[in-house]
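Participant: Produce the entire structure from the sequences given, and follow the hints as far as they go.
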Amino acid sequence: MALLEATNVTKTFGGLTAVNDVTLTIDEGRIVSVIGPNGAGKTTFFNILTGIYKPDQGTIVFNGKPIAGLKSNDIAAQGMRRTFQNIRLFNNMTVLENVLVGMHTHLHVPFWSIIFKLPSVRREEQKARERAREHLAYVGLDDKREELAKNLPYGDQRRLEIARALAGEPRLILLDEPTAGMNPKETVAATTLIRRLRDELKLTVVLIEHDMRLVMAISERISVLDYGTKIAEGDAQTIRSNPRVIEAYLGKGAADAA
Amino acid sequence: MTPTVPSESLWERAKLTLNTGPTAYGFFTLYALICSGLLISNTRTSLATDVIFVFFLLLVLLVYRSSTHTFFKLAVVAFQLGVVLPYFGTLNPFYIEVATQAGIFVALALGLNVVVGFAGLLDLGYVAFFAVGAYAWAILSTSQITQINPAWMPLAPSAFYPFLFVGLLLGAITGVLLGLPVLRLRGDYLAIVTLGFGEVIRVLANNLDRPVNFTNGSQGIREIERPNLFFADFVRDTLGWNLTNQKLHELFFYFAVLFIVIMTVLVVTRLKESRIGRAWEAIREDETAAIAQGIPLVRTKLLAFAVGASFAGAMGVIFASKQLFINPPTFDLLRSINILAMVILGGMGSIPGVMLGAVLVTLLDLQLLPRAAAVLRDLQRMGLPIPAAFDPTQYQRLLFGILLVVMMIFRPQGILPDERRKEELAAGDVSVDDDDDSEDDSPPAAAKPNGAAV
Numbered sequence: 049m050a051l052l053e054a055t056n057v058t059k060t061f062g063g064l065t066a067v068n069d070v071t072l073t074i075d076e077g078r079i080v081s082v083i084g085p086n087g088a089g090k091t092t093f094f095n096i097l098t099g100i101y102k103p104d105q106g107t108i109v110f111n112g113k114p115i116a117g118l119k120s121n122d123i124a125a126q127g128m129r130r131t132f133q134n135i136r137l138f139n140n141m142t143v144l145e146n147v148l149v150g151m152h153t154h155l156h157v158p159f160w161s162i163i164f165k166l167p168s169v170r171r172e173e174q175k176a177r178e179r180a181r182e183h184l185a186y187v188g189l190d191d192k193r194e195e196l197a198k199n200l201p202y203g204d205q206r207r208l209e210i211a212r213a214l215a216g217e218p219r220l221i222l223l224d225e226p227t228a229g230m231n232p233k234e235t236v237a238a239t240t241l242i243r244r245l246r247d248e249l250k251l252t253v254v255l256i257e258h259d260m261r262l263v264m265a266i267s268e269r270i271s272v273l274d275y276g277t278k279i280a281e282g283d284a285q286t287i288r289s290n291p292r293v294i295e296a297y298l299g300k301g302a303a304d305a306a
Numbered sequence: 424m425t426p427t428v429p430s431e432s433l434w435e436r437a438k439l440t441l442n443t444g445p446t447a448y449g450f451f452t453l454y455a456l457i458c459s460g461l462l463i464s465n466t467r468t469s470l471a472t473d474v475i476f477v478f479f480l481l482l483v484l485l486v487y488r489s490s491t492h493t494f495f496k497l498a499v500v501a502f503q504l505g506v507v508l509p510y511f512g513t514l515n516p517f518y519i520e521v522a523t524q525a526g527i528f529v530a531l532a533l534g535l536n537v538v539v540g541f542a543g544l545l546d547l548g549y550v551a552f553f554a555v556g557a558y559a560w561a562i563l564s565t566s567q568i569t570q571i572n573p574a575w576m577p578l579a580p581s582a583f584y585p586f587l588f589v590g591l592l593l594g595a596i597t598g599v600l601l602g603l604p605v606l607r608l609r610g611d612y613l614a615i616v617t618l619g620f621g622e623v624i625r626v627l628a629n630n631l632d633r634p635v636n637f638t639n640g641s642q643g644i645r646e647i648e649r650p651n652l653f654f655a656d657f658v659r660d661t662l663g664w665n666l667t668n669q670k671l672h673e674l675f676f677y678f679a680v681l682f683i684v685i686m687t688v689l690v691v692t693r694l695k696e697s698r699i700g701r702a703w704e705a706i707r708e709d710e711t712a713a714i715a716q717g718i719p720l721v722r723t724k725l726l727a728f729a730v731g732a733s734f735a736g737a738m739g740v741i742f743a744s745k746q747l748f749i750n751p752p753t754f755d756l757l758r759s760i761n762i763l764a765m766v767i768l769g770g771m772g773s774i775p776g777v778m779l780g781a782v783l784v785t786l787l788d789l790q791l792l793p794r795a796a797a798v799l800r801d802l803q804r805m806g807l808p809i810p811a812a813f814d815p816t817q818y819q820r821l822l823f824g825i826l827l828v829v830m831m832i833f834r835p836q837g838i839l840p841d842e843r844r845k846e847e848l849a850a851g852d853v854s855v856d857d858d859d860d861s862e863d864d865s866p867p868a869a870a871k872p873n874g875a876a877v
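Protein chains in written order, with this note's numbering: chain R, 49 to 306; chain S, 424 to 877.
Wrong hints could be hidden among the right ones.
Restricting the straight-line Cα-Cα distance to at most 16 Å, the calculated cross-link-like pairs of lysine to aspartate or glutamate (EDC-like) are [what the hints assert, rightly or not]:
#, chain 1, residue 1, chain 2, residue 2
1, R, Lys233, R, Asp259
2, S, Lys695, R, Glu173
3, R, Lys250, R, Asp75
4, R, Lys102, R, Asp122
5, R, Lys175, S, Glu696
6, R, Lys119, S, Glu710
7, R, Lys233, R, Glu195
8, R, Lys165, S, Glu696
9, S, Lys670, S, Glu520
No lab work stands behind these hints, which were simulated from the structure alone. From a predicted model like this one, the values you see are computed outputs, not experimental measurements.
Facilitator: Rendered as structure tokens:
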């Protein structure tokens, strides 16, 4: 079943068409990658999906509901969470608090209960903290929960971003270059984690990634963007031998040689 | 360095002894008793009393910072602020006036701290909410209301008590009204617009005497109603204290302010530790990331504005009633800046810090400078060559400015910074210090505060 269907999505900035008539269907429980050279419009496409930008044209249906044009926070509340290409943690909050912020849409005690410190507030807070620690333990950061997010090593920051996204109990998680800047060991750990998200938590995962070894290893489906247009789609084998993809990455000569 | 180590450790040891264990309880009890005794036996307004008064207030801070039992802390503070200070106030009205003013500014600073310290929205027009509360009570409780419509009657003095909630509500509504149009702005732009808003309210107060006289313009409103003293009989007959109405009003305003300060501290603390406080902090840290967690930006920011403004509105009602007279210059830009300075001086985001900042600045304004002026006058009379025109109260802004500059150089995080914020600035220092190269194995976060996720 399709969890996310983006149809004919177009977004222009002035004269630049960043995303051009892209149609993409993501089935539930899949790991899907979006690849393409730098500036191909991948992150813009993510930003449209998550509501940071409004698409100029096209429709996006998530979980059976149209979401194009909705505000970011409403889309997040419907169960779509993301991480950012250039890690955007709440640096001066602790690791645990970062995850607690991620749970915001699941915390409901009203304003007046907080002011009057009703017992329900403490109960919910207690439960939230326990749940947050479970999320942290899942990505292996529970022992660092009291540290400030900015003091974590790079790889841990990436994992914390994933834990924060998990805290929203999403159905779909969008990872924007989850292994960028990682050393090979960290990349392997990240790959395992992404697999576990799908296998254990039954999440649907969409990746933007430049590490082709990772992309080919874990993606069940790959879509290739170039100059804002989707130029190819298919499994790893199809994409690897697609001349348009080779052309986009290596130039026309390389495509001819292949 | 070496010679100072023993004395430092001695100081540390003394600090530890006085702050923990049975010695702490003895020390603070003794301190409280001595200070209270000295204060009550020195009823003249003088330099000596000033010094005792400051030590008296200092105890509140010291006992708060000590590691004694919470009940002991509460007992000491309640004894000091709930018993000794008001009793002393009946002997010398000056000091209870200082304490009341300090309390008003503590509540204002705590309110502004919600907006600036928690949510990170720089508001330079905060005094506008204070003005709204003050003018609302001033207009509705005096004959000013008959200027608007001769058929309307001024509110009865007893309406003051429910009107505190009206002030609270008015502040909150004004906060939301200001918030709605400006929330898409950030940082400097927001600051400029709020500054303008503060001025708009002041100018409105100044010019709304025509065509219909709402505010009596630059003349201000006089003879603002004071609340009726429902407890006067109780105090005079049952407790047997023969106090004048004036003294009872002083006491009343002191306790009213104290009450609101306590409420403010409770509300602000609870919000800070809740999901709402975390959402504010997240927005302050990174708006884009905060929305991506499902935090509704507009609603959360509006809530910060409303909560912050509501305390100012309620305090405005008390202020107008206490002062008996308000006019537009009471609510000028300088006052907004003053409150902001209290927040920054004490430590943005830190509740005890902001309270300390407010008390310090008020003491500086009302006590230190006038006292210095008085001492200088005495010296002049003794024949010392001090120019007659030299009056420290005239240099209040200068001294204040110097104080802020010195603070920003030596302690930018404020006097009593938020526990976590302290850590954050300390960590910042490490990465700035180049000679400290052992710390840099892990690359700093790639995230820039405003790095767009494009």
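Participant: Are the Cα positions of Lys233/R and Glu195/R separated by 16 Å at most?
Facilitator: violated (23 Å)
Participant: Quickly compare the C-alpha distance for Lys175/R and Glu696/S to 16 Å and report which way the hint goes.
Facilitator: holds (15 Å)
Participant: Quickly compare the C-alpha distance for Lys165/R and Glu696/S to 16 Å and report which way the hint goes.
Facilitator: Between Lys165/R and Glu696/S the Cα gap is close to 11 Å, so the pair holds against 16 Å.
Participant: Lys695/S and Glu173/R: Cα distance at most 16 Å?
Facilitator: holds (13 Å)
Participant: With a cut-off of 16 Å on the C-alpha distance, tell me whether Lys670/S and Glu520/S pass.
Facilitator: holds (11 Å)
Participant: Does Lys250/R pair with Asp75/R here, judged by a C-alpha cut-off of 16 Å?
Facilitator: Satisfied, since the Cα-Cα distance of roughly 12 Å is no more than 16 Å.
Participant: Straight-line Cα separation of Lys119/R and Glu710/S no greater than 16 Å?
Facilitator: Satisfied, since the Cα-Cα distance of roughly 13 Å is no more than 16 Å.
Participant: Lys233/R and Asp259/R: Cα distance at most 16 Å?
Facilitator: holds (13 Å)
Participant: Hinted pair, alpha-carbon criterion (16 Å max): Lys102/R, Asp122/R. Please report holds or violated.
Facilitator: holds (13 Å)
This entry does not satisfy hint 7, going by the numbered hints stated previously; all others are met.
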